[in-house]
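K.L.:
Between the sequences and the hints, there should be enough to build the whole structure, so can you do that?
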Amino acid sequence: MPFLAETAAGIPDISEQVLWAILCAPLIAWAIIVAGGRKYPTIAGYLAIGGVGAACLLSYITLFNVMDADGGIVKYTHEWFAAGPLVVDLGVRVDGLTAVMLVVVTSVSLLVQLYSTGYMDGDHGEGRYFAHMCLFTFSMLGLVLADNLFQIFVFWELVGLCSYLLIGFWFHKPSAAAAAKKAFIVTRIGDLGLLAALLLIFRETGQFDVGVIQEWAKNPATDGTLVTLFALGLFAGAAGKSAQFPLHVWLPDAMEGPTPVSALIHAATMVAAGVYLVARFFPVFEASPDARDVVAWIGATTALLAATIAMVQTDFKRVMAYSTISQLGYMMMALGSLGYVAAIFHLFTHAFFKASLFLGSGSVNHSTNTFDMRKMGGLKPHMPITYWTFMIASLSLAGIFPLAGFWSKDEILLDAWRNDTGLWAVGVAVAFMTAFYMFRAIFLTFHGEYKGGEPVDHHDEDSHFHGDPAHPHESPWVMTLPLIVLSVPAIMAGWFAYDHMFANFINHALPELPHHEGSSFEIGIAVSSTIVALAGIGAAYAIYMKRWVTSESIRETFAPLAIIFENKYYLDKLYEDVLVTRVFHRGWNRLLEANDRYVVDGIANGSARIARQASLRFRTLQTGQIQSYGLGIAAGVVVIVLAVYSANPL
Amino acid sequence: MSSIDIVGPQLAVLLAAGVVLLIDALLPQQRRLLPFVALVGLAGSAFWSLSWAGRADWHPDAFGGTLSLDQYALFFYFLFAGITATVVLASVDWVNREGRGQGEYYALVLTTCAGLMFLSAARDLITIFLALELSSIPQYILAGWGKDQKSSEAGLKYLLLGAIASALLLYGMALLYGVTGSTLLDDIAQTIQTDGESYRSVLILAMVLMIAGFGFKMSVVPFQMWVPDVYQGAPTPVAAFLSVGSKAAGFAVITRIFFIALPATFLSDDWAMIFAVIAAASMTIGNVAAIVQTDIKRMLGYSSIAQAGTFLIGLAAISVHGDEFTLGASGVLLYTAAYAFTNLGAFVAVIAISQKIGSDQIKDYAGMWKRSPFLTVALAFCLVSLTGIPPTAGFWAKLYIFNAGLRADLAWLVIVGVLNSVLSAYYYLAVVRQMFLGDAEDGMTIRTTPSIGMALGAATLGVLVFGIVPMPLISAAESAVEIFAR
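Chains as they are written, first to last, in this note's numbering: chain A, 1 to 650; chain B, 1001 to 1486.
Just so you know, the hints here were simulated from the structure itself, not pulled from any lab data.
One should not assume that every hint holds.
[Unchecked claim] No farther apart than 30 Å at their CA atoms in a straight line, the calculated lysine-lysine pairs in the DSS-like style are these:
hint : chain 1 : residue 1 : chain 2 : residue 2
1    : A       : Lys573    : A       : Lys375
2    : B       : Lys1363   : A       : Lys173
3    : A       : Lys173    : A       : Lys375
4    : B       : Lys1356   : B       : Lys1370
5    : A       : Lys39     : B       : Lys1370
6    : A       : Lys173    : A       : Lys546
7    : A       : Lys173    : A       : Lys39
8    : A       : Lys173    : B       : Lys1370
9    : A       : Lys181    : B       : Lys1363
10   : B       : Lys1150   : A       : Lys181
11   : A       : Lys39     : B       : Lys1356
P.N.:
Here it is, written out as structure tokens:
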């Protein structure tokens, strides 16, 4: 069976106004909320739903138009900035990849906005919350619609800013403020790589256009080292945003933000932007096997590292956070193994079931006032909708046939197998752990005895918890409806793999179709991964449900490993204690001190004197300062003249 | 068309200055009208300029070639009218509180504006010098306008050092005249082109002396030392005026002189290198010193030195590519305009805040977000623009001028500029962080008066609009420097 449809793609019939409208609808909602809606949280919520809903509707229209054209490309470009030969365009580009991203971003965003009207109800900053969410949606849409790297970079940073604002949404909580800062700084480190790539590509081609860069990378005359450098720069940015090792440390802390934020930004959309970036410039990675190896192995390392940590977490939401990191590692591993389709397909399915899992954890929190799994248990009869939707999403994530995750994970493992059996082995190990930690979480949370949740602290003014944690209850419909809706794609999104529909659709976004061929389904890979996933579920069942083996005894057997996992491989400690505190802070302080002592006092001699008493000042004025300034001017003239004469003798 | 029509924009401003003085003297109870009259005069001036903008019959040589009405001059007419209007609005509260000499204050501000306009249109050394003094003398007085000794000290310092700078400038002009026998820039250019090479040593001395004279106005190293003292001591609206108005005029006139009178390659190689070195020094010294400042006005003073260094990259960027000869010059104009909006916005926000909290200490800006979201967002936005982060006018201007530097093979200078931008982010964003994340000791909200709100709104709107749609400003700057094309 041929891997690709033979038909060439057409040009989608979408007018430019529609594309700009998609981008601007959330922006307009943002502007209205900022201008006056912040004080009316209910209206702000409706505005956010309206703005994002409009964008969502238009995104589906766009998707169908692109489907009619078999995933062809349409772009509209304007000159944004021109300085002689330097031209920066402002444009929108839609192809199969963009259309998929548009639909994912707006669908999840719309459901999250709806969910938020319940979850955030009564919070002091509700209006501000919806404003930030609209701005985020706008930035994310700008990122995926951009037709050049410069524009991508601008929106990339804007997305980072929104993430910062939303992680630190409860900024009076020191942990939230610190998490926001950490996320901002860690991702900036990766962005330096992206900036370097931006400068490099401008030096080489003088342009930023996606198509031009793709052609540049494919051109045999291009210097291979430059392509690799460019690819690694892009990947550095992607690694920061998609929380890849060693820049993954910010994402678990980002869970300090409100849970719907985690679902939208730190699970379904923004963190996937790194994967999107690599996919957007996939021909560059195709052209550089070295960069591809880096991507694949960093991805595999991340997947394994995060999955092992997820197995020992006690915080419900952090299990999900590490799971996200691990799955993003999976996608990167696929990209590094030439699995462009597999990576985007997994991004697509993962967005739905992971958003569902996060929203489910928020629903649990809404009822118990905690994320600590040791304080939960037995929630199944109290929260049936949350339980069943969570179960569906977990099965999908674990990769159980025929749910969405099964299909996309399978494609990744197949690509990994073709590239390097070592990668495949890591992938299978991670599949086992994924099934294990998800069902560990389910059994601890929903089964067994209820342990009472977290009592409400009535003195905490900022708490907006209304329920009684002692009597857990199902969440209101605005929160359960998104869960139910998300369960549909969590089950069915994988079925687009049928007859290579998905592959054909997004392949035309590339200038030349991927050169590796073959069946996208191999029964051996599928069966083995399913068995492994079932084994993971079984292990969790044995330990946490039936307690045939207690978790304590396992922990004792593997004590050294467990300690390493629980301490997150000591990476946070390394960064914070050693790099930040010892090296950076002390070094910076010394530098500032030296600057103070030698440079500033030296240059602005006397400038500090202005603060002295009046009597002193007049004396200074008469006897020193003015003369010394005047002398400085005269000396400057003499020095410059002498320098010119000596540098360029007459 | 008479020559008088050409100086219409200046006359409108001077007329307003006269009316202001008359109202102050004859109708003292109507003093609240004074800023309004000043604004009307400035608006009239801008409309007069606008009426010229659409016309083709330029007067390149009015008044015997000493003044010219070209696109270059028009660009600055608009800019100075806008700057002065913002300064007038920002001054209203301060002047009302100060009480005395209200008419004189506005009249001096308007006279300065007229001087700046003349300066940007002058094509003759004597006219340039006269215009410079016309704009400088009112500023010396304004710097010492405050009642406290700090202000008097600032005024005196500015006057004495300004006199030294004028003397150096005059000396340089005299040498130039001595060599070429003319004070008209075009004639000077011709003489130098034909037989100037033998006088190169004298011409270099003349150049450096003029750079020193204008360098004082532009506040670039090593002629910058007065800046922090005077900015801190002078009344804040006046400091804002100095930091934007006289700096812009300095760049306007030095660009015109060097591009029209001294573009001969045996000179431009030298002056481009001088400007490049001064640019690197100004950026580095200004930023390094700004990092440790605790007083926001001193911080803005040092930052304005660093910013002036960035302007100078444009002057240093005499491109080796013939068709891009004016890329650096248009970069200077673009940067001037972007910087004018941005720095004015920052200063106006500082005026509004310091009036209410009675302090210029950066630590007292902590938690400003809760006390006045409008002022905080506006100030933060301007600081972001000064750093050069999109989507702001400052970002495009920096990009433009760095690009001009790269095209002129000044990669080292651009690298210094980029590193300095990173350095400047440290202290600019430290203020932003303090305002958003710090804890306010005093939770009292700060109300903004209408005049300050208008001034700040106009400035930040300019920063935002040109941050999103930069092309109109770029086209204006590029057509303004067409007069230099060769």
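K.L.:
For every hint, state whether the structure bears it out.
P.N.:
Evaluated hints:
| no. | hint | result |
| --- | --- | --- |
| 1 | Lys573(A) to Lys375(A) | holds, 27 Å |
| 2 | Lys1363(B) to Lys173(A) | holds, 22 Å |
| 3 | Lys173(A) to Lys375(A) | holds, 22 Å |
| 4 | Lys1356(B) to Lys1370(B) | holds, 14 Å |
| 5 | Lys39(A) to Lys1370(B) | holds, 15 Å |
| 6 | Lys173(A) to Lys546(A) | violated, 39 Å |
| 7 | Lys173(A) to Lys39(A) | holds, 22 Å |
| 8 | Lys173(A) to Lys1370(B) | holds, 16 Å |
| 9 | Lys181(A) to Lys1363(B) | holds, 20 Å |
| 10 | Lys1150(B) to Lys181(A) | violated, 40 Å |
| 11 | Lys39(A) to Lys1356(B) | holds, 26 Å |
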